[in-house]
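J.: Letter by letter, the chains look like this.
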Amino acid sequence: MSEPKSILVIGGGISGMTAALEAAEAGKSVALIEKSPYIGGRVARINQYFPKFCPPVCGMEINLKRIKSNPNITIYTLAEVDSISGSAGNYDVSVTVNPRYVNSKCTLCGKCSEVCTAEIDDDFNLGMCKTKAAYLPHKMAYPRLYVLDPSIIGTDDAQKCKEACKYDAVDLDMKPEKVTINAAAIIVATGWQPFDASKVDYYNFDKNDNIITNVMMERLNAEDGPTQGKILRPSDGKEPASVAFVQCAGSRDENYQGYCSGVCCAATIKQIHYVREQYPDAEITVFYIDIRTPGRLEDLYLKAQEDEKVTFQKGKAVNIDGTSNGNLLIEAEDTLTGVKSKKEVEMVVLATGMVPNLAETGLPGGGATFDKYGFIVPDGEGIYGAGVAKRPVDVAVCTKDSTGTALKAIQCLVRG
Amino acid sequence: MAKAKFIEPDLDFIHEISSAEMQKCYQCSTCTVVCPISPEVNPFPRKEMIWAQWGLKDRLLADPDVWLCHNCNDCSVNCPRGANPGDLLATLRNYFYTKNAWPAFLGKAVNTPSMLPFIIAIPAVLILLLAAINGTLTPLFPLEDGHIRYGAMFPGMTLIDPLFVSATLFVIMSFSISISKLWSGMNNMTPRVPNKGMPLVQAIIATIQEILTHSRFDECGQAKTRSSAHKALVFSFIALAIVTGVVAGLEWLDILFDINLVSSGHHVTPLPFLSIIGGPLKLLANAGALLLIYGVYTAIMNRKNDPEGETFGKQTYQDWFLLYTILTIALTGLGSELLRLVNIAPIAYSVYFIHLIAVFMLIAYLPFSKFAHIVYRTTAIIHSKHVGRYEMTAEDVKGKEAIML
Ligand SMILES: Cc1cc2nc3c(=O)[nH]c(=O)nc-3n(C[C@H](O)[C@H](O)[C@H](O)COP(=O)(O)OP(=O)(O)OC[C@H]3O[C@@H](n4cnc5c(N)ncnc54)[C@H](O)[C@@H]3O)c2cc1C
Ligand code: SF4
Ligand code: SF4
Ligand code: SF4
Ligand code: SF4
Numbered sequence: 492m493s494e495p496k497s498i499l500v501i502g503g504g505i506s507g508m509t510a511a512l513e514a515a516e517a518g519k520s521v522a523l524i525e526k527s528p529y530i531g532g533r534v535a536r537i538n539q540y541f542p543k544f545c546p547p548v549c550g551m552e553i554n555l556k557r558i559k560s561n562p563n564i565t566i567y568t569l570a571e572v573d574s575i576s577g578s579a580g581n582y583d584v585s586v587t588v589n590p591r592y593v594n595s596k597c598t599l600c601g602k603c604s605e606v607c608t609a610e611i612d613d614d615f616n617l618g619m620c621k622t623k624a625a626y627l628p629h630k631m632a633y634p635r636l637y638v639l640d641p642s643i644i645g646t647d648d649a650q651k652c653k654e655a656c657k658y659d660a661v662d663l664d665m666k667p668e669k670v671t672i673n674a675a676a677i678i679v680a681t682g683w684q685p686f687d688a689s690k691v692d693y694y695n696f697d698k699n700d701n702i703i704t705n706v707m708m709e710r711l712n713a714e715d716g717p718t719q720g721k722i723l724r725p726s727d728g729k730e731p732a733s734v735a736f737v738q739c740a741g742s743r744d745e746n747y748q749g750y751c752s753g754v755c756c757a758a759t760i761k762q763i764h765y766v767r768e769q770y771p772d773a774e775i776t777v778f779y780i781d782i783r784t785p786g787r788l789e790d791l792y793l794k795a796q797e798d799e800k801v802t803f804q805k806g807k808a809v810n811i812d813g814t815s816n817g818n819l820l821i822e823a824e825d826t827l828t829g830v831k832s833k834k835e836v837e838m839v840v841l842a843t844g845m846v847p848n849l850a851e852t853g854l855p856g857g858g859a860t861f862d863k864y865g866f867i868v869p870d871g872e873g874i875y876g877a878g879v880a881k882r883p884v885d886v887a888v889c890t891k892d893s894t895g896t897a898l899k900a901i902q903c904l905v906r907g
Numbered sequence: 002m003a004k005a006k007f008i009e010p011d012l013d014f015i016h017e018i019s020s021a022e023m024q025k026c027y028q029c030s031t032c033t034v035v036c037p038i039s040p041e042v043n044p045f046p047r048k049e050m051i052w053a054q055w056g057l058k059d060r061l062l063a064d065p066d067v068w069l070c071h072n073c074n075d076c077s078v079n080c081p082r083g084a085n086p087g088d089l090l091a092t093l094r095n096y097f098y099t100k101n102a103w104p105a106f107l108g109k110a111v112n113t114p115s116m117l118p119f120i121i122a123i124p125a126v127l128i129l130l131l132a133a134i135n136g137t138l139t140p141l142f143p144l145e146d147g148h149i150r151y152g153a154m155f156p157g158m159t160l161i162d163p164l165f166v167s168a169t170l171f172v173i174m175s176f177s178i179s180i181s182k183l184w185s186g187m188n189n190m191t192p193r194v195p196n197k198g199m200p201l202v203q204a205i206i207a208t209i210q211e212i213l214t215h216s217r218f219d220e221c222g223q224a225k226t227r228s229s230a231h232k233a234l235v236f237s238f239i240a241l242a243i244v245t246g247v248v249a250g251l252e253w254l255d256i257l258f259d260i261n262l263v264s265s266g267h268h269v270t271p272l273p274f275l276s277i278i279g280g281p282l283k284l285l286a287n288a289g290a291l292l293l294i295y296g297v298y299t300a301i302m303n304r305k306n307d308p309e310g311e312t313f314g315k316q317t318y319q320d321w322f323l324l325y326t327i328l329t330i331a332l333t334g335l336g337s338e339l340l341r342l343v344n345i346a347p348i349a350y351s352v353y354f355i356h357l358i359a360v361f362m363l364i365a366y367l368p369f370s371k372f373a374h375i376v377y378r379t380t381a382i383i384h385s386k387h388v389g390r391y392e393m394t395a396e397d398v399k400g401k402e403a404i405m406l
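Quick note, the sequences are listed as chains X and G, same order. Note that the working numbering numbers the first sequence so that position 131 is 622, with each residue one more than the last. Note that the working numbering numbers the second sequence so that position 364 is 365, with each residue one more than the last.
Here chain X stands alone, though its shape is the one from the complex (with noise of 0.2 Å):
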């Protein structure tokens, strides 16, 4: 029998993270891949956790900590498979590697993005501001290292980067490199992305700056977001009197997502309380078909029903137009009274759904089964799927399924 191999988790969200320190701390030796140029995932972008409503340094920096000491995990960012071959016991993956154009020497100084001209869309904040194109993703990244935007490479801003970088932490001649990893079990943790509201087309999302969405929503509060953490209302920054939020956006729909995604409800619940912690005033609707926040999360739901300011209107929102005054007309009937009316919001909240993010793609290489939406269906060997790259669930969740997945990849490289 050959040397020991590795595992290799491919994603390092909270649930890549937690299945490739569960490997380690085993004492086996893990590679973490991950495509963006941080790890951390979806849950970096989230203001507050329920249930407990704490942010997500708290969990973040503990796994971070573990990570830093372990000398079992080898992580690559800017990474991503491009072909799995061999089976159960022995794969062959091969990554490619893409320059970050700063290497380690960097000090975190910002000198280089203080002299970059270039833009680039905030990714980190899905879009809704700009940032530098020599940048830190978000404040807590790791690795604790700036990036160059490949745009701007072979441009004057990359030299000027160069240039202004005291620390020789710069280098523009960096390649993609191509790596091969020899595991006997791959994790696939890559988890979500919001549903694109804007396919839905009696919501409007894409003709009003004044509906957005859940996630959205995550970053306005978000000291780091684009706001500074005041939730403004987008086309004109006013404080807003009234919010609405549209349950199951595009979920327990078989026109568009045919599952619940599990956590909106919840999440919805969470953001009438920051809505509710700036705005003690504000008039909040939620609409929805069900309300889904099982176990202890339904002690949240019943806290915000005593909320007088809030109102459960059952019954799905449909049609959302805009009025002149950047307001908004839903439309929805509530069922309960059986009376259809349009109400006048000055926000709504899509509370979108998780979309996995494998879904169009499949996993480079094959290998893994997927139902219908597009998550790993937990059979055969070898390659396990963990977190909501397998199913829409909290972070609670993803954590134990990933402890449960680190212990499977385990078993398949010690029988070999």
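Because the hints were derived from the structure by calculation, they are not lab data. Keep in mind that a hint or two might mislead.
Cut-off 20 Å, straight-line C-alpha distance, at most; resulting in silico cross-link-like pairs (EDC-like, lysine to aspartate or glutamate) [said to hold, decoys possible]:
#1 K526/X <-> D614/X
#2 K834/X <-> E774/X
#3 K225/G <-> D692/X
#4 K399/G <-> D825/X
#5 K834/X <-> D219/G
#6 K315/G <-> E745/X
#7 K401/G <-> D825/X
#8 K657/X <-> D692/X
#9 K305/G <-> D320/G
#10 K25/G <-> D781/X
#11 K232/G <-> D219/G
#12 K833/X <-> D397/G
#13 K100/G <-> D59/G
#14 K526/X <-> D612/X
#15 K833/X <-> E396/G
#16 K25/G <-> E745/X
#17 K833/X <-> E220/G
#18 K225/G <-> E309/G
#19 K794/X <-> E774/X
#20 K833/X <-> E41/G
#21 K863/X <-> E851/X
#22 K543/X <-> D798/X
#23 K232/G <-> E211/G
#24 K805/X <-> E396/G
#25 K800/X <-> D825/X
#26 K834/X <-> E392/G
#27 K25/G <-> E309/G
#28 K833/X <-> E392/G
#29 K834/X <-> E799/X
#30 K834/X <-> E396/G
#31 K805/X <-> E41/G
#32 K805/X <-> E835/X
#33 K834/X <-> D397/G
Keeping the supplied structure of chain X fixed, place chain G with the ligands upon it in accordance with the hints.
T.: What follows is chain G with the ligands alone, placed relative to chain X:
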């Protein structure tokens, strides 16, 4: 608190109208909001979905909304569960034709595919019997001065008129029974709101206007093309009804008072083209026939191009029965005219015979075929205008028990 209320599900009814799709409805009410013609208070079709799931037959059979629906299918296209609410309403209308019209045995016969030969045989036998009594079957396919005259084999006064007048009387009787039942049911379901709605006569006039202009039908999004086909059918039927009425009047004038206003000849028909009344009538008849063919052809093709019913809704026997009956009428009507001109007696008389059978099926079976919608839907629209259904607001039902409970 509202008192507890017991619902009484009619299980047979559920079996008859239920579909696997319908059972998937989770009451989200996307349908009532996207429906372009659903009113503000107690809108449709969400409540019908749950009534149907619960088997509340009596409510559904008295529900005006089943008829206010124009079957545009916007609801089904947008339903998150693929529950096809538009199909449910169409199924309920079909149920109404089949089960709720008097006499019930005809409802069953008209709406059962295997009974089709029987219901074609009824007019065929009646017509031949009347012709035999008239003595016009011998010689078969008669020629007068070498020319075909359909009246020679199927005389107007003693065959066509008695047959169709009695069919019409029968239809009126049948409708008066079911309409009065429906009207009082609708009054129960949506009572008149004081100070809203129109007096009955005004409601009738407004309804006729609405039907002629298709103003409501045109609001439908999904099945827009259906509206133009439907317009063609409505106007062609009006044109053909005018022609038929005038010709019958002219014939009776000729027979009873010996006044022939259209020709110097012995008979009113075939209408001579070169006469002041005959010319325009003939033009109108032919224009009507062409419009009818266009309308029915478009309607058939719409359906054919949508075999799964994704755009226009599920296809039913009732749809095809009506469409093919109309197609037969249109083709045999125009065919009779052309074959008479080329003077091939056996074929011409046979085609005309089929024409009579199809026309009889359209008229005499009206209360039991999908064609009955012209009466039921018109009644429901009149009712909605009379009670102020579209003007009702939340205030009008405030404090009242929600209708869907
Ligand atoms: C609006 C909203 C609010 C929420 N709020 C809460 C909350 O308050 N509490 C809670 O518990 N849960 C919450 N959730 C759910 C929570 O966000 C998820 O449970 C969590 O993000 C799942 O983590 P993950 O690691 O499985 O996926 P992700 O966080 O998506 O991480 C996946 C990682 O994989 C990387 N990746 C993707 N594809 C590839 C590839 N091909 N190659 C390499 N890397 C790849 C991504 O870049 C990413 O870093 C919320 C969800 C929403 C929509
Ligand atoms: S790359 Fe250089 S200039 Fe930029 S932050 Fe790092 S050390 Fe500073
Ligand atoms: S969690 Fe709530 S909002 Fe999200 S899909 Fe499920 S029911 Fe809809
Ligand atoms: S029929 Fe469809 S759209 Fe209407 S309430 Fe039921 S599930 Fe919702
Ligand atoms: S078919 Fe059209 S008119 Fe009928 S309920 Fe559906 S949307 Fe409304």
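J.: For each hint, tell me whether it holds in the structure or not.
T.: Outcome of the hint check:
1. K526/X <-> D614/X: holds (13 Å)
2. K834/X <-> E774/X: holds (12 Å)
3. K225/G <-> D692/X: holds (18 Å)
4. K399/G <-> D825/X: holds (13 Å)
5. K834/X <-> D219/G: violated (26 Å)
6. K315/G <-> E745/X: holds (18 Å)
7. K401/G <-> D825/X: holds (15 Å)
8. K657/X <-> D692/X: violated (51 Å)
9. K305/G <-> D320/G: Roughly 12 Å between the alpha carbons, so the hint for K305/G and D320/G holds.
10. K25/G <-> D781/X: holds (15 Å)
11. K232/G <-> D219/G: holds (10 Å)
12. K833/X <-> D397/G: Holds. K833/X to D397/G sits at ~17 Å (cutoff 20 Å).
13. K100/G <-> D59/G: holds (12 Å)
14. K526/X <-> D612/X: This hinted pair holds, its Cα atoms lying about 17 Å apart.
15. K833/X <-> E396/G: Given that 20 Å is the threshold and the Cα spacing comes to 15 Å, the pair holds.
16. K25/G <-> E745/X: holds (11 Å)
17. K833/X <-> E220/G: holds (19 Å)
18. K225/G <-> E309/G: holds (18 Å)
19. K794/X <-> E774/X: holds (16 Å)
20. K833/X <-> E41/G: Answer holds: K833/X to E41/G is near 10 Å, not above 20 Å.
21. K863/X <-> E851/X: holds (11 Å)
22. K543/X <-> D798/X: At roughly 18 Å apart (the allowed maximum being 20 Å), D798/X and K543/X satisfy the hint.
23. K232/G <-> E211/G: holds (12 Å)
24. K805/X <-> E396/G: The hint holds at about 19 Å.
25. K800/X <-> D825/X: holds (17 Å)
26. K834/X <-> E392/G: holds (18 Å)
27. K25/G <-> E309/G: holds (18 Å)
28. K833/X <-> E392/G: Holds, because 15 Å separates the two Cα atoms, which is no more than 20 Å.
29. K834/X <-> E799/X: holds (18 Å)
30. K834/X <-> E396/G: Roughly 16 Å between the alpha carbons, so the hint for K834/X and E396/G holds.
31. K805/X <-> E41/G: holds (16 Å)
32. K805/X <-> E835/X: holds (17 Å)
33. K834/X <-> D397/G: Given that 20 Å is the threshold and the Cα spacing comes to 18 Å, the pair holds.
Taken one by one, the earlier hints fail for this structure at numbers 5, 8, listed in ascending order.
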